[in-house]
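**Q** One-letter residues, chain by chain:
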Amino acid sequence: MPEPALLQLALTDGQVWLAIALTGIGTFLLRFVMFAAHGRIQLPQRLFDALKFLPPAILAALVLPAIYRSEPSGWAPREPAHLLAGLLAIGIAWRTRNMLATILGGMIAMWILEIWL
Amino acid sequence: MPEQTPATARSAFLEGAREISVLVPGIFPFGMVAGISAMQAGLTPLQAFGGSLFIFAGASQLVAYELIGNAAPVLLIVLAALTVNLRFLLYSTALAPLMAPLPLRLRALCAYIMTDQAYAFGYRRWTEHPERPFPQAYYMGAALPLLATWLSSTVAGILLGSGVPDEWGLQFAVPLCFIAILVPAVKDRATLAAALVGGSVAIMLGGLPWKLSLLIGALCGIMAGVLLSARPTAKEPGNA
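So the sequence lines, in the order shown, correspond to chains R and E.
Numbering-wise (my numbering), the first sequence opens with residue 1 and increments by one.
Numbering-wise (my numbering), the second sequence opens with residue 1001 and increments by one.
Keep in mind the hints are simulated off the structure, nothing from the lab.
Keep in mind that the hints are not guaranteed to be accurate.
As a list, the in silico EDC-like pairs of lysine to aspartate or glutamate whose alpha-carbon atoms are at most 20 Å apart [said to hold, decoys possible]:
1. E/K1187 <-> R/E79
2. E/K1187 <-> E/D1116
3. R/K52 <-> E/D1116
4. R/K52 <-> E/D1166
Computed list of chain E residues with no C-beta within reach of chain R, every gap over 12 Å [unchecked claim]:
5. S1052
6. P1097
7. R1125
8. G1225
Remember, it's a predicted structure, so these values are computed and weren't measured experimentally.
Where is the CB? At the ideal position from N, CA and C, for every residue including glycine.
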């Protein structure tokens, strides 16, 4: 995707470490805060209910654009092999609930389809 | 007391390790994908390993690496990765009473090794078999092998990452990992709506820089799920 030209093209080593460190600390705190609070903090029920929808919502927001990469000018998928292999992988995941089968099946389907299409 | 009840913390730990071991063959390629995509995003091998050690949360690592590859601002990388990991607040809340008797240091360890899988296994045994002793040891037994798997598979991915030609299209393994986690997370109409709305909005906003489409899509998906679950139709059986 085109990015404003004034911005840097790659992060420095220090910036990458900073991103890793801050993400690591933040992730640990998300895991630890309720253990440490000992019942003194209560999540508002509405936040608790909303968070239940975070995994399907954010994972789909990662998956669908990655397999359905439309042309910037329209809606046609740019790489039909990715779309078809992705849909097949969804089917495999649905039937098997197996990560290895999903990754292998999707990759093999994508390789075959790229040769074929 | 049934005979198979573990008598010691050690046997409960081993019970957890034994039961989680079926997941290791699936986690290993996921970790390799994390190592490979870190290398392809331009991280050094040490940074790639540090990511798995310090963050230890696969989906958020993949998101962070993609944004690092796009040279997104550091704060935005952290925000996107932490959004993916907000679900740990749920697990932390659910497991807090289980961890309460432990000293703070052990609670910190149990927090660090928390994963979707360790939470699911630990919570299930604790709530469905409250009579079985040492649920905390069981949880640790389930969680620690996944940390070992994650770190070793990351190293395998790092070693492979620099050698794999681009034409193999190994970046495609990243969405495949997400698919394998997404599909089991869709359990009913409301979660399906959250997924469909989140994904569609993210596609429509695909032109925005730095994957802002991810955060906006996720927010819209959550709202769709909340709206749909707040107004259950007559056909939807009421479940907790």
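**Q** Give a verdict on every hint.
**A** Going through the hints against the structure:
Annotation: proposed proximity of E/K1187 to R/E79 is violated, straight-line Cα distance about 29 Å (limit 20 Å). With a CA separation close to 16 Å, the supplied pair E/K1187 and E/D1116 stays within the 20 Å bound. Taking the CA atoms of R/K52 and E/D1116, the gap is about 13 Å. The hint holds against a cut of 20 Å. With a C-alpha separation of about 37 Å, the suggested pair R/K52 and E/D1166 falls outside the 20 Å cut-off, and the hint is violated.
In this structure E/S1052 is not separated from chain R by more than 12 Å, as the shortest Cβ-Cβ distance comes to only about 10 Å. Non-interface status of E/P1097 relative to chain R is broken: a Cβ of that chain comes within 12 Å, the nearest being about 8 Å off. Every C-beta of chain R lies more than 12 Å from that of E/R1125, the closest at about 18 Å, which supports listing it as non-interface. At roughly 3 Å, the least C-beta separation between E/G1225 and chain R is not larger than 12 Å, which violates its mark as non-interface.
Checked against the numbered hints listed earlier, the structure breaks hints 1, 4, 5, 6, 8; every other hint is satisfied.
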